[in-house]
Structures are given as C-alpha cells and as structure tokens.
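Residues in the sequence shown are numbered consecutively from 454, following our numbering.
Hints listed in this document are in silico derivations from the structure and should not be mistaken for laboratory results. Treat the numbers as computed from the prediction; the structure is a model and nothing was measured. Be aware that a few hints might be false.
What the hints assert, rightly or not - With a cut-off of at most 27 Å between alpha-carbon atoms, the simulated DSS-like pairs for lysine-lysine come out as follows:
| hint | residue 1 | residue 2 |
| --- | --- | --- |
| 1 | Lys494 | Lys593 |
| 2 | Lys461 | Lys593 |
| 3 | Lys494 | Lys479 |
| 4 | Lys497 | Lys479 |
| 5 | Lys497 | Lys593 |
Unchecked claim - Distance ranges between label pairs, derived from CB positions:
| hint | residue 1 | residue 2 | range |
| --- | --- | --- | --- |
| 6 | Leu473 | Lys497 | 16 to 22 Å |
| 7 | Pro544 | Gly590 | 18 to 24 Å |
| 8 | Gln555 | Gly495 | 16 to 22 Å |
| 9 | Leu473 | Ala562 | 36 to 42 Å |
| 10 | Leu579 | Ala486 | 15 to 21 Å |
| 11 | Asp483 | Gln536 | 36 to 42 Å |
| 12 | Ala573 | Ala486 | 38 to 44 Å |
| 13 | Thr568 | Asp595 | 16 to 22 Å |
| 14 | Pro484 | Gly590 | 35 to 41 Å |
| 15 | Gly590 | Leu473 | 23 to 29 Å |
| 16 | His499 | Glu541 | 30 to 36 Å |
| 17 | His499 | Asp557 | 28 to 34 Å |
| 18 | Ser465 | Gln536 | 18 to 24 Å |
Where a beta carbon is used, it is the ideal one built from N, C-alpha and C, also for glycine.
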Amino acid sequence: MTHSPGKKRTDSASRVINALPQHIYKALIDPEAQVVWLPPKGMKAHIFEFDARAGGAYRMSLTYLEPDSATHGKSSEDTDVVQGRFLECIPDERLVQLAEFQSDDPAFAGEMIMTWNLAAAPEGTLVTIVCENVPEGIRKEDHDEGLRSSLENLAEYVE
C-alpha cells in the first residue's frame, strides 16, 4: 500500500500454526501467555491491565532489550506503551482490539484496530492478524517483521 502523509495504512500477516483454534485463542486472551509470545524478537512485554472480554480494557508496555540508534520506543526512549479495548471476542474464531499508542510524537500516536482471525486448516489453524490505521511513524518493514515475529512466537508457544 502506498504511504502518504495523513493516510493510515493496513498491515497484515498470517501463518498456519499446528494447533487447534481453541488453544490459539486461549493464548490470545491469557495475559501470562501474551507476555511470552507477543513481544517481537528483541523486546519484552509487561501487562498492567488485561480484561479480555468485549468492552474490557488492557494496558501493556513493550520494551526493547537492547535499544540502538535504529530502534526506539514510541512512548519513551526504549518503550512502547499501549492502552486499548477489546471490541469483539468470538471464542476460537476472532479477537478484535483497539490499540492506542501513547506518544508525544503524532506520527506514532493514534488508534489502531487489530483483528486476529483463526480458521481451521488441514495442517492446524490459519492465524491472520490485520492491523488497520497503522500510525505513519511505524515503518512498514519494521511492522511486518514484528508481526511475523509475534506469529512465530505464538506458534512456538502453542505447538
């Protein structure tokens, strides 16, 4: 998708995971599991609040383990803080979240919708994440790599 100022983009990634949809869904709504699999490689997570039900809220941070000049946090030098709500929770099928990045930089601030879809596949479950209204400050290449890394971690966690 073409990137232009003022326009939000949609990023997505998918992977077939050798596990049943209910095992994957459980990992999506369990805060202890999310701390393990959600952070992309090179990051760690901390969950402050997590109420996984439609209308429930969450607040978490993702921190770079070794920040360098190429990577930096959106909320502070090495951390991204995200506050959000669960918009839709359909067990074993779909989880929709509204995530708001806390940042003084408008290029990184804003609300993003993340939709996790689970579909039965011959080899397990096709897991697709679609992120709508990605803040323009998040480089597509970095976001794509982060999404793939989280899916890889999820696969390792549930398989």
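Hint check:
The hinted pair formed by Lys494 and Lys593 meets the criterion: a straight-line CA distance of about 17 Å does not exceed 27 Å. Restraint check for Lys461 and Lys593: the C-alpha separation of about 11 Å stays at or below 27 Å, so the hint holds. Using a Cα cut-off of 27 Å, the hinted pair Lys494 and Lys479 holds, with the two alpha carbons roughly 22 Å apart. Restraint check: the Cα-Cα separation between Lys497 and Lys479 comes to about 20 Å, which is no more than 27 Å; the hinted pair holds.
Between the alpha carbons of Lys497 and Lys593 the distance comes to roughly 21 Å, so the proposed pair stays at or under 27 Å and holds. In this structure the hint that Leu473 and Lys497 lie 16 to 22 Å apart at CB is violated, the actual value being about 28 Å. About 34 Å separates the C-beta atoms of Pro544 and Gly590, a value inconsistent with the hinted range of 18 to 24 Å. The hint said 16 to 22 Å for the Cβ distance between Gln555 and Gly495, and at roughly 21 Å that hint holds.
In this structure the hint that Leu473 and Ala562 lie 36 to 42 Å apart at CB holds, the actual value being about 37 Å. At roughly 19 Å, the beta-carbon separation of Leu579 and Ala486 lies within the given 15 to 21 Å, and the hint holds. Take Asp483 and Gln536: their Cβ atoms lie about 19 Å apart, and the range 36 to 42 Å is violated. Ala573 and Ala486 have their C-beta atoms about 21 Å apart, which leaves the hinted 38 to 44 Å range violated.
For Thr568 paired with Asp595, a C-beta distance near 20 Å keeps the hint of 16 to 22 Å intact. At about 27 Å, the beta-carbon gap between Pro484 and Gly590 misses the expected band of 35 to 41 Å. Hint check: Gly590 to Leu473, Cβ distance near 37 Å, so the stated range 23 to 29 Å is violated. At roughly 25 Å, the beta-carbon separation of His499 and Glu541 lies outside the given 30 to 36 Å, and the hint is violated.
A hinted range of 28 to 34 Å for the beta carbons of His499 and Asp557 is inconsistent with their spacing of about 20 Å. At about 23 Å, the beta-carbon gap between Ser465 and Gln536 stays in the expected band of 18 to 24 Å.
The structure shown violates the earlier hints numbered 6, 7, 11, 12, 14, 15, 16 and 17.
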